[in-house]
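Student: Read off the chains here:
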Amino acid sequence: MNAPGKPVKNDDIGLDTRMELYRVQVEIRDFEKRAFDLFLQNLVKGTSHLSLGQEAVAAGFAVAMKPGDKSFCTYRGHAHTLARGVEMEKVLGELMQRDNGLMRGKGGSMHLTSVEHGVMGSYAIIGAHLPIACGSAWRAQYLGQDDVSVCFFGDGTTNIGAFHEALNFAVVWKLPVVFVCENNLYMEYTPIGDVTAVEHPAADRASAYGLERIIVDGNDADAVYRVAQAAFAKARAGEGPSLIECMTYRHSGHSRADPAKYRPPGELEEWMKRDPIKVYKQRLADFGVPQADVDAIDQQTKEKVEAATEACKAAPIPPVEIMTTDVYADGGWAWRN
Amino acid sequence: MNAPGKPVKNDDIGLDTRMELYRVQVEIRDFEKRAFDLFLQNLVKGTSHLSLGQEAVAAGFAVAMKPGDKSFCTYRGHAHTLARGVEMEKVLGELMQRDNGLMRGKGGSMHLTSVEHGVMGSYAIIGAHLPIACGSAWRAQYLGQDDVSVCFFGDGTTNIGAFHEALNFAVVWKLPVVFVCENNLYMEYTPIGDVTAVEHPAADRASAYGLERIIVDGNDADAVYRVAQAAFAKARAGEGPSLIECMTYRHSGHSRADPAKYRPPGELEEWMKRDPIKVYKQRLADFGVPQADVDAIDQQTKEKVEAATEACKAAPIPPVEIMTTDVYADGGWAWRN
Amino acid sequence: MAELTYRDAVARGIAQEMRRDENVVFLGEDVAKAGGVFKATVGLYEEFGGKRVRDTPISEQAILGAAMGAAMTGLRPIAEIMFSDFLAVCFDYIANEFPKSRYMTNGQVKCPLVVRTGNGAGSRFGAQHSQSVENWAMMIPGLKVVAPSTPLDVVGLLAASIRDEDPVIFFEHKSLYATKGEVPDGEIVDQLGKAKIVRPGKDATIVALALMVPRALAAAEKLQKEFGIDAEVIDVRSLVPLDTQTILGSLVKTGRLFTVEENPRLCGWGAEIASIAADECFWDLDGPIVRITTPHIPLPAADNLEDIVLPTPDRIAERVRRTLGA
Amino acid sequence: MAELTYRDAVARGIAQEMRRDENVVFLGEDVAKAGGVFKATVGLYEEFGGKRVRDTPISEQAILGAAMGAAMTGLRPIAEIMFSDFLAVCFDYIANEFPKSRYMTNGQVKCPLVVRTGNGAGSRFGAQHSQSVENWAMMIPGLKVVAPSTPLDVVGLLAASIRDEDPVIFFEHKSLYATKGEVPDGEIVDQLGKAKIVRPGKDATIVALALMVPRALAAAEKLQKEFGIDAEVIDVRSLVPLDTQTILGSLVKTGRLFTVEENPRLCGWGAEIASIAADECFWDLDGPIVRITTPHIPLPAADNLEDIVLPTPDRIAERVRRTLGA
Ligand SMILES: Cc1ncc(C[n+]2csc(CCOP(=O)(O)OP(=O)(O)O)c2C)c(N)n1
Ligand SMILES: Cc1ncc(C[n+]2csc(CCOP(=O)(O)OP(=O)(O)O)c2C)c(N)n1
Ligand SMILES: [Mg+2]
Ligand SMILES: [Mg+2]
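Protein chains in written order, with my numbering: chain A, 228 to 564; chain B, 228 to 564; chain C, 4 to 329; chain D, 4 to 329.
Just to be clear, a hint being listed does not mean it is correct.
Simulated coverage check for chain A against chain D, where a stretch passes if three residues somewhere in it have a Cβ under 8 Å from a Cβ of chain D [to be verified]:
1. 358–368
2. 517–527
3. 548–554
Here are the computed lysine-lysine pairs in the DSS-like style, where the Cα-Cα straight-line distance is at most 30 Å [said to hold, decoys possible]:
4. Lys42/D with Lys260/B
5. Lys54/D with Lys401/A
6. Lys36/C with Lys260/A
7. Lys401/B with Lys488/A
8. Lys36/D with Lys183/D
9. Lys183/D with Lys488/B
10. Lys113/D with Lys293/A
11. Lys197/D with Lys225/D
12. Lys256/C with Lys260/A
13. Lys500/A with Lys36/C
Heads up, incomplete: computed chain B residues facing chain C, CB under 8 Å, no partners named [what the hints assert, rightly or not]:
14. His338
15. Pro358
16. Trp365
17. Ala464
For the record, the hints were derived by calculation from the structure and aren't laboratory data. The beta-carbon is built from N, C-alpha and C at its ideal position, and this holds for glycine as well.
Generate the whole structure from the sequences, applying the supplied hints.
Tutor: Put into structure tokens, the structure is as follows:
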């Protein structure tokens, strides 16, 4: 799609891609808002960790990925899962712990996985998936496949041992893996600055692994997209891993249980001014995209969310039989004869 | 002791201290050689990890420590234990698994501990003691005590998660702990450069914790002593931790089982030229210490080693009763009534 | 005498000991300013200040290592590991450091610390945030292992654990945090290694722990009412030291032994108790020893599935009835 | 047919599978150029090259994590954790990642990998390098757990483990590395989940694992010779899947059950087997089930102490004799 009659300067990204970046962000935004509503109605079960405010990171990376690239996410993984094209209904179904969920309710919101889309799992133990992403990248290197493994995690995750082991390992083995730190300024309730020896928990550690120090505006999908493309190109060229710190902010609490009272007054408001959706709407306008095109995406997304909600509400709960399936590769759970 | 009639320039260290630095190094050297001989006679049991060639690190730090300061060592801990003044007989007795051993044979060579000398333990799981040293330093800070906790470890240890967690933790809490990396170029049999993303496994990570990059000649006890003093002063002043990388080399294999065939030809020979004992003998000569004073230390040390050996050979093996003592604080091992 | 939640009992127990002993300090993730993610430590930061109640980075190894180093040198730290599943990321301290230091050093080193952790299922959190892992600790020589089922026991056993000279792993059940119980005013200190007969009975002994205690009690009521079976229910409370006297004493009386475990089947604490009974009380047994456990599977997230994997009062009662042939 | 050491059998088993399947890769500390600290993987680097046989940093979490990521996406990695005690520093992968990924993802993710590790006492290494920790793995749902006692079983069970679609924790006993046994030429592939009756007998069933198998056999000889007791000895070989048929079948025949465990007492695999027997074969038992274990203590370093903590043939025989009242 091109904004008709408007020659655009400085458009290394291209309008088709920009529209996709916008669409993905809106889809995440609307989905997450709905997930929150459904939680209030007690229809989303267990816990759930929203990415409201962090959509540009997920969109920027996912749109830069190719089919076959692998994503490794955390419990805060709805956004990254949707961004890879996983059906909204399946994601929402999992949050609602229905039989139509991505994992039929067996995993729950913290473990979203869709291997067919390259979403190799969402991991709920802090740091565990960084080494796992290394392994996936090692496989690609070993088999001569050219996919990239992309690993998303938060600022707080940079202080756990597995972070350090994975970074060193990836560099020594020159693996095609990209480590993406979403610095949203907080762990659960504690500001990252209170517990970290350096200002930028990821970027200020890059040199400890001989890596470039990369910080990007995580609320600007274009900026994220560009940095992702560069890192992927480097990885595919056999030049090893990258570590990227995206500065962003979550608009909601850490999880469904958290009203986020620990924030200093005004902080949220400041960040809302730089809301990634708002930023991107303006960007599209600057590039001359007609409002109608933007509205169309908004409208389609609303309908999608609506349809997914209805489908999930109507979906059955998981049947009891699956409780004991897929513990072992034979499909069952027998530990004895 | 002062070299009579010889005014010495540039002697910030002082001859008394220098003689002590020499004495400690020679004591370690002679002890380790004896331990090796006794191992060949099958009198030293289990495993044993010698510090031949690394004596200057142990001596430089220990001589700079004050009574009350705490040492946390690894399985390669004979040197650090002796350097704090622990009786040679007790250390050798432990290696020989006799009842006169520091822990009556219950711990073995990898776990030398003498709380009364501030040697708070030798730890055989790589990295585990870095956080433990933080805890000791936290206690000092909390209780307003002015001792420093000093934690020794190898180059290979910088790649395990606990290293990273401890460094960050120590800096954030501003703890009086000094981390000492003895870079002897090898893990067990693998060169550290083969598995590390940066050239200096400790020093090149310092900035990841906002720390100064410190590399010291680990074969020169004076250099080590000076850097130790500075770090201790900083810690006692409440200015937090230091990370120090000492460049050194082990003359023997990793452990008793290792002939060290993985070394490139000539490497050992190069390092032997910079043998810390040789370096220090020359240093003392430069400062005008009479040969007789040096010889006296050599002679006394020989006698000490001899006496310890004889005492240990004559010592009984541990009595069977202690097998089940000191599992719990009541002195016993009862897990049930 | 006040009614307290199990959650508030945690803060009460810690506060009681922190007031008494300046050497008691507390660290963990989000435990101080935020009062803990389960809100079990609300008010401690305010009362004792940031020097004694400290937020940490997400560095479980540093948390437990620091607790150990402090304990060795004179403090009595309490460390929180948010979910017991996360003991796996700092397991070296649990398995190799805390429990072995005293022995290896021939008694030179002590390790008086408490690791508090949220254990157990019921929150629909899925396989990595719902496990019951008390056997991970029980199997390690040198640890003590405690798991209270009531607010009163939380206070008393927490106090006893903090005062204990050995490392104690203290399992708080997440699904019990909201439950309430009477807790007398004043200082409360219980004793480790004492099981409690929470319902006397003569026909069968049911041994349970933590969340399984109220379920075993409900099962016993059902057995009584519907089948006239009078079951004795024992709350183990402390797995190490283990009060085998109370358990075997009950078994000798009833002749029948059942264990109700939330942990998955293999090598659960019930297996240990069963093996002790099958050795030492073989001739007192009138029939098979039966373990009622969560099946040996990871835990599913979905509420309807999670509800059926854990032993329920109905399942417990049915199993006891069937085994007794009633 | 060649006589092979248990140590060389490891390299033989790995080489057999690496020749067969390009997707088999091997990583660990000092395993490649140096051939492993136990010299159990000598020659693999030379034959298969540095792309398939790789030295790693001292980063156990990275080792196991990398193995998992590779296994999920198409390789069949073998990872070495030098001493089984070190499973504690990477326990999250053992307890929370490998075994749960298939279940949590409703079967989308597979994890065909093998973790090889040196287990057990006898080297006078002390408490942090001598443990027998097979129960650390057995207690986790979703893992398979193997522990061979002979060179032949090393080859056959290693091959079966590498071909298995599930994560397998493979315990090699350090004190068996130097032992020898006949191993036929050609491809050898065994089956997981099959115990072996290594000595038939009619008076008592003795169930053992790894280093305890030769000791149980020696005890059986002694029992036969000195007391006319004819004991059946079973090598469990695989704890998960567990061949309860063979074990319970033997028990039904002999009426008496003994387990010989190197792991410390609490929650050992013997407790699990005892609890199964006490439930399912209660009426077949002619007397108490007795577990012979290492006492529940950390391991001492001194040779004379280490020698008496582990079950010895004499202790095993004496306990069986006494229990049978002979
Ligand atoms: C090993 C471990 N420790 C603690 C937790 C509990 N926990 C879950 S999310 C979280 C905060 C993570 O912060 P960050 O990495 O910044 O990610 P964010 O949630 O902000 O996206 C914590 C402490 C965990 N899941 N795993
Ligand atoms: C967690 C863990 N992994 C592996 C080992 C085995 N190991 C013992 S010493 C050693 C090498 C350590 O190298 P370095 O830190 O450089 O210390 P050095 O031995 O050279 O003094 C290894 C891998 C261990 N003890 N603990
Ligand atoms: Mg964050
Ligand atoms: Mg080294």
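Student: Now tell me if each hint is right for this structure.
Tutor: Tested hints:
1. 358–368: holds (count 10)
2. 517–527: violated (count 0)
3. 548–554: Holds: 4 residues of the region 548–554 of chain A have a Cβ under 8 Å from chain D.
4. Lys42/D with Lys260/B: holds, 26 Å
5. Lys54/D with Lys401/A: Holds - the C-alpha atoms of Lys401/A and Lys54/D are around 13 Å apart, at most 30 Å.
6. Lys36/C with Lys260/A: holds, 28 Å
7. Lys401/B with Lys488/A: Holds: Lys401/B and Lys488/A sit about 28 Å apart, inside 30 Å.
8. Lys36/D with Lys183/D: Distance ~25 Å between Lys36/D and Lys183/D Cα, so the pair holds.
9. Lys183/D with Lys488/B: OK: Lys183/D and Lys488/B at ~27 Å, within 30 Å.
10. Lys113/D with Lys293/A: holds, 23 Å
11. Lys197/D with Lys225/D: Holds, because 27 Å separates the two Cα atoms, which is no more than 30 Å.
12. Lys256/C with Lys260/A: Given that 30 Å is the threshold and the Cα spacing comes to 60 Å, the pair is violated.
13. Lys500/A with Lys36/C: Cα-Cα ~28 Å, so holds.
14. His338: holds, 5 Å
15. Pro358: holds, 2 Å
16. Trp365: It holds, given that the least Cβ distance between Trp365/B and chain C is near 5 Å, below 8 Å.
17. Ala464: violated, 19 Å
In summary, the numbered hints that this structure violates are 2, 12, 17.
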